[in-house]
Structure formats: structure tokens, C-alpha cells
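Let's have the full structure, built from the sequences with the hints guiding it.
Mapping to the working numbering: the sequence shown position 11 is 11, numbers consecutive.
Be aware that a few hints might be false.
Unchecked claim - Derived CB-CB ranges, DEER-like:
#1 D5 - V31: 20 to 26 Å
#2 G40 - V18: 14 to 20 Å
#3 E45 - G9: 17 to 23 Å
#4 I46 - V26: 20 to 26 Å
#5 A13 - V47: 16 to 22 Å
#6 T30 - D54: 18 to 24 Å
#7 N51 - D10: 25 to 31 Å
Read the hints as simulated data drawn from the structure, not as lab findings. Glycine residues also receive a C-beta, built at the ideal position from the N, C-alpha and C atoms.
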Amino acid sequence: VTAEDDVDGDITANIVAVSTVDTSTVGNYTVTYNVSDIVGNVAIEIVRTVNVVDL
1 VTAEDDVDGD
11 ITANIVAVST
21 VDTSTVGNYT
31 VTYNVSDIVG
41 NVAIEIVRTV
51 NVVDL
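Laid out in C-alpha cells, this is it:
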């Protein structure tokens, strides 16, 4: 996951991921990513689904 700002450039290091993924328990989990630039402009949140399966 990467993030770039028109003024600040690469702001990937500022990304915050909120997750409750439990890799030891089968199920579907969501991970929410957000980021803001140096002046506090917030990006649109991105939500991804993580599927933990039993192999």
C-alpha cells in the first residue's frame, strides 16, 4: 500500500491501518487504511477484505 501527495510527495509512512485480522482463526476480516498529509488533509478511506482460510 502506498500514498502520494501533490505537495508532500511520498506519504506512505503516514498510512494508518486499522485491523482485527486473526491469522489463527478462519474467517473474513476488514482492514481499513487512511492517511493524511502534513497539513491534515485526509484521504478517502480504503477498506480491504482479508480472507483467512484453513489449508
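Outcome of range test on Cβ distance (D5, V31; 20 to 26 Å):
holds (22 Å)
Cβ distance range 16 to 22 Å for A13 and V47, holds or violated:
holds (21 Å)
Just to be sure I understand the hint, the distance between the Cβ atoms of T30 and D54 should be within 18 to 24 Å; is that true here?
holds (20 Å)
Note whether the CB distance of N51 and D10 lies within 25 to 31 Å or breaks it.
Since the Cβ atoms of N51 and D10 sit about 30 Å apart, the hinted range of 25 to 31 Å holds.
Could you say whether the range 14 to 20 Å given as a hint is met by the Cβ separation of G40 and V18?
holds (18 Å)
Distance restraint evaluation - E45, G9, Cβ atoms, bounds 17 to 23 Å:
Holds, since E45 and G9 (Cβ atoms, about 21 Å apart) stay within the stated range.
Assessment of proposed distance window 20 to 26 Å (beta carbons of I46, V26):
At roughly 24 Å between Cβ atoms, V26 and I46 fall inside 20 to 26 Å, so the hint holds.
The earlier numbered hints are all upheld by this structure, with none contradicted.
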